[in-house]
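The chain contents come next:
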Amino acid sequence: MSSRPAPTASTTTADDASDRLGLVMRGVSLRHGNAAETVQALDNVDLTVRPGELAAVVGPSGAGKSSLLAVAGGLARPDQGTVTVAGQDMTVPSRRTRTELRRQHVGFVFQSGNLLPALTAADQVRLPLRLGSRSQRSGRDPLELLADVGMADKSDRRPHQLSGGERQRVGIARALVTEPSVLLVDEPTAALDRARSHEIVRLLAHEARQRSVAVVMVTHDHDVLQYCDTVYEMVDGKLATSS
Amino acid sequence: MFLAIRELNFARLRFALMGAVIALIAVLMVMLSGLSVGLVRDGVSGLQNLPVTSFAFAQDVQRDSAFSRSVVDMTAVDEWADQPGVADATPFGNTLVNTRTDRGTEVDLALFGVQPDSFLSPPVSQGDRLGTEDGIVVSPTALDAGLQMGDVVTIDRLGTRLRVVGVTEQQDTFGHVDVAYVPLAAWQAIKSGTAPGTALPQRAATEITAVAVRAADGKSVDLAAGDTAAGTESLTLKESYGASPGYTAETTTLQLIQGFLYAISALVAGAFFAVWAIQRKPEVAVLRALGASTGWVLRDALTQAFVLLAAAVAIGVGVGLALGALITGSGIPFALSMPSISAAGVGLVVLGLVGAGAAVIRITSVDPATALGGNR
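These protein sequences, in sequence, are chains H and W.
Counted from 1, the first sequence has number 106 at position 95 by the numbering used here; the numbering is strictly sequential.
Counted from 1, the second sequence has number 515 at position 345 by the numbering used here; the numbering is strictly sequential.
Since the hints were derived computationally from the structure, they do not count as laboratory data.
Hints may be right or wrong, so weigh each one.
Claimed, not checked - Far from chain W, some chain H residues (derived; all Cβ distances over 10 Å):
1) Ser77
2) Thr110
3) Arg114
4) Leu142
5) Asp159
6) Gly161
7) Asp197
8) Gln221
9) Glu244
What the hints assert, rightly or not - Estimated spans, in silico, between C-beta atoms of each pair:
10) H:Gln221 x W:Leu187: 22 to 32 Å
11) W:Ile448 x H:Thr49: 25 to 35 Å
12) H:Asp204 x W:Phe476: 12 to 22 Å
13) W:Arg469 x H:Arg168: 22 to 32 Å
14) W:Leu183 x H:Gln221: 19 to 29 Å
15) W:Ile427 x H:Arg106: 55 to 65 Å
16) W:Ile448 x H:Ser72: 24 to 34 Å
17) W:Leu468 x H:Gln221: 29 to 39 Å
To be verified - Quick partial rundown of chain W residues pointing at chain H, CB under 7 Å, derived from the structure:
18) Phe172
19) Arg176
20) Ala190
21) Thr275
22) Glu276
23) Asp278
24) Val322
25) Tyr432
26) Val456
27) Ala459
28) Gly461
29) Val520
30) Ala539
From the three backbone atoms N, C-alpha and C, an ideal C-beta is built for every residue, glycine too.
Generate the whole structure from the sequences, applying the supplied hints.
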């Protein structure tokens, strides 16, 4: 079954030049498992997220939301279909090439921040700039970025010295430091109270628009969907526009 | 380095404990190295100090006891002196004796019988060189054992009396026994069991332990050709160490212990970094998802292992050297040799890295997609 295209202004044809700067997925399918037991994680998924757009994907656990992010970010190769980020093919066979494309064009925000325990907030944000070769170490000023997400005064703190919301703010700064075209956000409010959840998603929406980043946010939290431009629902690997 | 150094600083207690284990192994390695060098020096320094390139022993002699079993006829000396590339060849006698001074001090001596006018006659740090028929030149370590200049020692059961006339410049020991250089004629009498005042049997006057051969500078000697001509069996100077009593057994034992220590070091480092790698899997997944290449992650992990190993080995070697300095001169055969200790230190770091490398290689299989969802 094919997914329905979202009836919003953000959904256009893949040939639109502006789409190529964001995320475009066409006919993407992914199966997990072996010959004896197979799970259809993604089933012929079409998705277009343009720069500056915040798209939410909701759905029950095991529906394929994480698989969608994995394929969109080049962490996994789909069995069929195409994925482009900023016009770059994220389904190339070479893992090294996909890693490099991810480093250059994709930012990830994980559940609870997924910060590294040994690093201060400033170092967490510096880290993505150190993952490439010296010639590739361009991006935003980490301290300036921390200030933008309201963490300037806690730049020397380590993850265990930060609250859940603060960890997510640092995670967002870390994802934005390389000036990516696409931000893939995985359950950013999973461990936050209502007020913090709204704060974080508002921040994501603001950053998406201000920096023209295409944002895909996977979430269970229907409370924060008001900040999103588009909402998709995923069930059994199929993606559809949410009512 | 970016992450490696910060993690070392952050988990400093954990890394310090691991470093302490490696440092203790390094201390043990320095002590073993000191013992090894000390035992070698105690076993064969008398041979090491000889200006000899090879010894020609009796044909088919048992190699590990050649010095005590070999009997060579003096005619072989001339044959060897005529060989191409040989600068000099001279008779060499060797035997171990128990002696007692007139003051009642019992001293064991390894007698090196040499012709006083030959190149084997040792320079002295005090007293006179070999010359008089009953004069001996002893190792300075014999003075530590109770001998004094001018002492007369009597060989047990034989009654031959020898006078200490000189002391060599450096430690000369053979099979852990102090060396005493003795004129060849006196050695032949002692070796043949000829009591003082008794005529030396003619056969004894032509027998020596081996022919000491010195190659001309920059020349090599065809030992096989020389052996064929002289009817002997040659060992190079280094090979002849194995003929010193207990040398092979001691060095093999110590090398075995050192080998085990290297293996233990690699295993300890490997086990620690294996656990560390397993604990870090979620973080590695995040790093890979953020765009870290496999090479970056491996380099970072190995840098961390190298910094830890190098620092721990440096501290261990430092402590070992301090302990070694206390032991040196205490009577234990112990000598600090920087080349040996440096090699041991480098060996520990390299093998530790091999162990760590084998352990951290598993992080290359971490799936970055596990950073997503509730996997952490």
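Going through the hints against the structure:
In this structure serine 77 (chain H) is not separated from chain W by more than 10 Å, as the shortest Cβ-Cβ distance comes to only about 4 Å. Look at threonine 110 (chain H): its CB is around 5 Å from the nearest CB on chain W, not clear of 10 Å, so calling it non-interface is violated. Residue placement check: arginine 114 (chain H) does not keep its beta carbon more than 10 Å from all beta carbons of chain W (closest about 3 Å). Listed as outside the interface, leucine 142 (chain H) is inconsistent with that label: its C-beta sits roughly 5 Å from the nearest C-beta of chain W, within the 10 Å cut-off.
The beta carbon of aspartate 159 (chain H) is kept farther than 10 Å from every beta carbon of chain W, the shortest such distance being approximately 19 Å. Listed as outside the interface, glycine 161 (chain H) is consistent with that label: its C-beta sits roughly 22 Å from the nearest C-beta of chain W, beyond the 10 Å cut-off. With a closest Cβ-Cβ approach of about 5 Å to chain W, aspartate 197 (chain H) is found to fall inside the 10 Å limit, against its non-interface label. For glutamine 221 (chain H), the shortest C-beta to C-beta distance to chain W comes to about 22 Å, beyond the 10 Å cut-off, and the non-interface label holds.
At the 10 Å boundary, the C-beta of glutamate 244 (chain H) stays outside the reach of chain W, the nearest C-beta of that chain being 18 Å off. For glutamine 221 (chain H) and leucine 187 (chain W), the hinted distance range of 22 to 32 Å is not satisfied, since their beta carbons lie about 48 Å from each other. Distance hint check: the CB atoms of isoleucine 448 (chain W) and threonine 49 (chain H) are about 29 Å apart, consistent with the given range 25 to 35 Å. Between aspartate 204 (chain H) and phenylalanine 476 (chain W) the CB atoms are about 45 Å apart, so this pair departs from the stated range of 12 to 22 Å.
For the pair arginine 469 (chain W) and arginine 168 (chain H), the beta carbons lie near 28 Å from each other, so the given range of 22 to 32 Å is met. Checking the proposed 19 to 29 Å range against leucine 183 (chain W) and glutamine 221 (chain H) shows it is violated: the Cβ atoms sit about 43 Å from each other. Between isoleucine 427 (chain W) and arginine 106 (chain H) the beta carbon distance is about 45 Å. The supplied range of 55 to 65 Å is therefore violated. Checked against the hint of 24 to 34 Å, the C-beta distance between isoleucine 448 (chain W) and serine 72 (chain H) comes to roughly 26 Å, which is consistent with it.
Checked against the hint of 29 to 39 Å, the pair leucine 468 (chain W) and glutamine 221 (chain H) passes, with Cβ atoms roughly 37 Å apart. Below 7 Å, beta-carbon pairs count as interface contacts, and phenylalanine 172 (chain W) has one with chain H at about 4 Å; its hint therefore holds. A hinted interface residue such as arginine 176 (chain W) counts as satisfied when its beta carbon comes closer than 7 Å to some beta carbon of chain H; here the least separation is about 5 Å, so the hint holds. Taking 7 Å as the C-beta contact cut-off toward chain H, the hint placing alanine 190 (chain W) at the interface is violated, the least distance being around 21 Å.
Interface hint status for threonine 275 (chain W): violated, as the beta-carbon distance to the closest one in chain H is roughly 66 Å, over 7 Å. The interface hint given for glutamate 276 (chain W) is violated, since its Cβ lies 66 Å from the closest Cβ of chain H, which is over the 7 Å cut-off. Of the supplied interface hints, the one on aspartate 278 (chain W) is violated, with its beta-carbon coming no nearer than about 62 Å to a beta-carbon of chain H, more than 7 Å. The beta carbon of valine 322 (chain W) is not positioned within 7 Å of any beta carbon in chain H (closest approach about 75 Å), and the interface hint is therefore violated.
Interface restraint check for tyrosine 432 (chain W): the shortest CB-CB distance to chain H comes to about 31 Å, outside 7 Å, so the restraint is violated. At its closest, the beta carbon of valine 456 (chain W) sits 5 Å from a beta carbon of chain H; the interface hint therefore holds under the 7 Å criterion. Contact between alanine 459 (chain W) and chain H, as hinted, is supported at the beta carbon level, the nearest pair being about 5 Å apart and thus within 7 Å. At a threshold of 7 Å, the smallest CB-CB gap from glycine 461 (chain W) to chain H is about 3 Å, leaving the interface hint in force.
The interface hint given for valine 520 (chain W) is broken, as the beta carbon of that residue sits about 27 Å from the closest beta carbon of chain H, more than 7 Å. Given the 7 Å rule on beta carbons, the hint for alanine 539 (chain W) holds: about 4 Å separates it from the nearest Cβ of chain H.
Going through the hint list in order, the structure does not satisfy hints 1, 2, 3, 4, 7, 10, 12, 14, 15, 20, 21, 22, 23, 24, 25, 29.
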